[in-house]
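S.K.: As given, the protein sequences belong to chains A and B, one line each in that order. Here the first sequence stands for residues 1 to 410, numbered as in the UniProt record's numbering. Here the second sequence stands for residues 1 to 410, numbered as in the UniProt record's numbering.
None of these hints come from the bench; they were simulated from the model. Don't take each hint at face value.
[What the hints assert, rightly or not] Selected chain A positions facing chain B (Cβ under 7 angstroms, derived; list incomplete):
1. Q55
2. I57
3. P61
4. Q75
5. I86
6. Q99
[What the hints assert, rightly or not] Quick list of in silico lysine-lysine cross-link-like pairs, DSS-like style, CA-CA up to 25 angstroms:
7. K45/B / K45/A
8. K18/A / K45/B
9. K18/A / K371/B
10. K20/A / K63/B
All C-beta atoms, glycine included, are put in the ideal place defined by N, C-alpha and C.
Protein chains: 2
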Amino acid sequence: MALIVQKFGGTSVGSVEKIKNVANRVIEEAENGNEVVVVVSAMGKTTDELVYMAQDISRTPSKREMDMLLTTGEQVTISLLTMALIEAGHEAISFTGWQAGMQTESVHGNARILDIDASRIQAQLKAKKIVVVAGFQGSDANGEITTLGRGGSDTTAVAIAAALNADRCDIYTDVTGVFTTDPRYIKEARKLQSISYDEMLELANLGAGVLHPRAVEYAKNHQIPLEVRSSMEKEAGTTIEEEATMEENLIVRGIAFEDSITRVTVNGLPRSLGSLSTIFMTLAKNRINVDIIIQSMTAEDTTNLSFSIKSEDTEAVLNVLENNKDQLAFDRIETEGGLAKVSIVGSGMVSNPGVAAEMFEVMANTGIQVKMVSTSEIKVSTVVNEKEMVKAVEALHEAFKLGQHAKVLV
Amino acid sequence: MALIVQKFGGTSVGSVEKIKNVANRVIEEAENGNEVVVVVSAMGKTTDELVYMAQDISRTPSKREMDMLLTTGEQVTISLLTMALIEAGHEAISFTGWQAGMQTESVHGNARILDIDASRIQAQLKAKKIVVVAGFQGSDANGEITTLGRGGSDTTAVAIAAALNADRCDIYTDVTGVFTTDPRYIKEARKLQSISYDEMLELANLGAGVLHPRAVEYAKNHQIPLEVRSSMEKEAGTTIEEEATMEENLIVRGIAFEDSITRVTVNGLPRSLGSLSTIFMTLAKNRINVDIIIQSMTAEDTTNLSFSIKSEDTEAVLNVLENNKDQLAFDRIETEGGLAKVSIVGSGMVSNPGVAAEMFEVMANTGIQVKMVSTSEIKVSTVVNEKEMVKAVEALHEAFKLGQHAKVLV
Numbered sequence: 001m002a003l004i005v006q007k008f009g010g011t012s013v014g015s016v017e018k019i020k021n022v023a024n025r026v027i028e029e030a031e032n033g034n035e036v037v038v039v040v041s042a043m044g045k046t047t048d049e050l051v052y053m054a055q056d057i058s059r060t061p062s063k064r065e066m067d068m069l070l071t072t073g074e075q076v077t078i079s080l081l082t083m084a085l086i087e088a089g090h091e092a093i094s095f096t097g098w099q100a101g102m103q104t105e106s107v108h109g110n111a112r113i114l115d116i117d118a119s120r121i122q123a124q125l126k127a128k129k130i131v132v133v134a135g136f137q138g139s140d141a142n143g144e145i146t147t148l149g150r151g152g153s154d155t156t157a158v159a160i161a162a163a164l165n166a167d168r169c170d171i172y173t174d175v176t177g178v179f180t181t182d183p184r185y186i187k188e189a190r191k192l193q194s195i196s197y198d199e200m201l202e203l204a205n206l207g208a209g210v211l212h213p214r215a216v217e218y219a220k221n222h223q224i225p226l227e228v229r230s231s232m233e234k235e236a237g238t239t240i241e242e243e244a245t246m247e248e249n250l251i252v253r254g255i256a257f258e259d260s261i262t263r264v265t266v267n268g269l270p271r272s273l274g275s276l277s278t279i280f281m282t283l284a285k286n287r288i289n290v291d292i293i294i295q296s297m298t299a300e301d302t303t304n305l306s307f308s309i310k311s312e313d314t315e316a317v318l319n320v321l322e323n324n325k326d327q328l329a330f331d332r333i334e335t336e337g338g339l340a341k342v343s344i345v346g347s348g349m350v351s352n353p354g355v356a357a358e359m360f361e362v363m364a365n366t367g368i369q370v371k372m373v374s375t376s377e378i379k380v381s382t383v384v385n386e387k388e389m390v391k392a393v394e395a396l397h398e399a400f401k402l403g404q405h406a407k408v409l410v
Numbered sequence: 001m002a003l004i005v006q007k008f009g010g011t012s013v014g015s016v017e018k019i020k021n022v023a024n025r026v027i028e029e030a031e032n033g034n035e036v037v038v039v040v041s042a043m044g045k046t047t048d049e050l051v052y053m054a055q056d057i058s059r060t061p062s063k064r065e066m067d068m069l070l071t072t073g074e075q076v077t078i079s080l081l082t083m084a085l086i087e088a089g090h091e092a093i094s095f096t097g098w099q100a101g102m103q104t105e106s107v108h109g110n111a112r113i114l115d116i117d118a119s120r121i122q123a124q125l126k127a128k129k130i131v132v133v134a135g136f137q138g139s140d141a142n143g144e145i146t147t148l149g150r151g152g153s154d155t156t157a158v159a160i161a162a163a164l165n166a167d168r169c170d171i172y173t174d175v176t177g178v179f180t181t182d183p184r185y186i187k188e189a190r191k192l193q194s195i196s197y198d199e200m201l202e203l204a205n206l207g208a209g210v211l212h213p214r215a216v217e218y219a220k221n222h223q224i225p226l227e228v229r230s231s232m233e234k235e236a237g238t239t240i241e242e243e244a245t246m247e248e249n250l251i252v253r254g255i256a257f258e259d260s261i262t263r264v265t266v267n268g269l270p271r272s273l274g275s276l277s278t279i280f281m282t283l284a285k286n287r288i289n290v291d292i293i294i295q296s297m298t299a300e301d302t303t304n305l306s307f308s309i310k311s312e313d314t315e316a317v318l319n320v321l322e323n324n325k326d327q328l329a330f331d332r333i334e335t336e337g338g339l340a341k342v343s344i345v346g347s348g349m350v351s352n353p354g355v356a357a358e359m360f361e362v363m364a365n366t367g368i369q370v371k372m373v374s375t376s377e378i379k380v381s382t383v384v385n386e387k388e389m390v391k392a393v394e395a396l397h398e399a400f401k402l403g404q405h406a407k408v409l410v
């Protein structure tokens, strides 16, 4: 008998029919003799619909009240799923975030989990019930309802798995696993049997979108084995675990990409120690995420600074910079839109210094200009023209033999 | 400065536009220098939609999970209304039932309020905030979410008014007050300036539908003055208070009526002491509400029993009686459908023994056959043919001069 935490996202519970299907997946595990805790998101488009209503009332709705509003979404799902489990003859009980003991910071919209009092869940598991928990939500020490922000349901599932010392945490989603790259664009994309926490973290941060980075980090810290798998298909998914336990150790395990990137270049910044931090503090205060950052010196004792942003943030970035021009003391700003980011990820890179070079060579041979570069121990990111994005991914996928099984062992 | 509890029902908060309108009504009271607590129901058809989803999953959904599901309805309304209040420049905060301290029995679907810990509401009033509370819901001692059943939001409002020792509890609805009879049927129907708790209780129980009987009873027990008024029109509504404080004391204050009534007659019951209680205990166990009951002796040492039910319960009643025929030992059952109940209500009746006789005379003069009669201290109910219902109400409304103001003083 194992203790399994299952998480089903919004697409998997998007209709009453789909909820019944999820109930069957849950019952399978229960009938195999396992204890099961299920974490669910709001149904399909529910969250969007609630957000629209709020925006009809206020362009800047109170964050506390947004949490009050949005947490109803998962509450609907847990009750319907529990009804479906009971209807199928299984004992089951639902819990909201506060009932499940998800204690968070006193922050609305993006709270971190402080502690989990899993006693109520444990008591119900002991009573042989399937426990259904609302993802994404918790409450603070004053009984205020909070939410965990984007990808919160993944985090809920992993955190509960850690608190219960679960044997496994299965993340059910609308894809069958983690792929070497996005199969909607690259037909040679192959589902990975396993991937390390760190690789998944880089892929998640790079927009692969299957699993939220916070959840992966939490799983890594608590050594919870994750499996990403399909809520519709029965095939095995991708396990996410420590490097050491993995079967194949590829140099490059996956390729992530993202379009709608804009490069912003700030020319003629004074070469003072504080000018960089001033710029990025100012942008952060205005909640603008900056990705790749490149700094270059000029002959005239000034600095040119380039960074990449999501194109949708361009106007906001320009406003912030212009509004702070006196303090930032730059010369002028240039922007270049229509760009994309292409990144290769793999733990094997650490011990293979030539990987970045190989990547640039592939790009050059394919006739693709690399406009920005950023590297970490297990990834290399490049910025290219949006129109060449898919071509770049195809060439890299081919060059690093990602379509084939485990040929490139370290 | 007064402390006012306002309650807005589902129709009043049926859309984002209507919620903004409600916000304006709330703000008016606040800007008059009053402390305001607002109790709201779920938006319009929300509850129905949630019920449909549940019924798609199970014909007999778990009551606990139904409470989990339905309570999301009010939670959506409180957050949206609070956003609207904040958007209009007022400080406001929303509370779910459990946050507002509504402590109930451990019963799902129809829990009674045990106690109210109003400290969280009081603290926010002290901080000069408008407090918005979810009606209809509470929680038990184990932190389980419960609901108060039909008319629960009215009860929430009155209970909070009592706990806070409020100066007034205003029930906003889609009519402008309590009428002498239903204005959709009788064009002479007149809005009452005031009505006593007891009269309102009789009217509410008779299907007048404006205010839930439980709420009226709670208000009477705690002497909370109620006012029923329109959420759209600005005119004064109807106050509900103790008899002694009322301006006009009419003999008959209102006429209630209800169609789709069926009379069931059980012939040839043994004249034993227990046979009546056995029948009604059996029906009650099967959750069938019986209204008027008439018993008549026959020559043959047996009893004939008639009672009225809602027509929709007819099949269930017949099944229950037939299934228990051995124990109940009756001869045969007759039913007559297509009936209606017409009742006159007024505190003045207690000291005017001729009122029932006058009612029967009016019916006779109008050519309407009275098939059943039941009386209490402040009401007389009759059962007539459904086709004659409106004619009966018109004649009674005219005869008791309900269309005119305060002519019939005691």
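S.K.: Against each hint, give a clear statement of whether it holds in the structure.
M.R.: Now for the hints, and whether the structure bears them out:
no.: 1; hint: Q55; verdict: violated (10 angstroms)
no.: 2; hint: I57; verdict: holds (5 angstroms)
no.: 3; hint: P61; verdict: holds (5 angstroms)
no.: 4; hint: Q75; verdict: holds (5 angstroms)
no.: 5; hint: I86; verdict: holds (5 angstroms)
no.: 6; hint: Q99; verdict: holds (6 angstroms)
no.: 7; hint: K45/B / K45/A; verdict: holds (19 angstroms)
no.: 8; hint: K18/A / K45/B; verdict: holds (23 angstroms)
no.: 9; hint: K18/A / K371/B; verdict: violated (53 angstroms)
no.: 10; hint: K20/A / K63/B; verdict: holds (19 angstroms)
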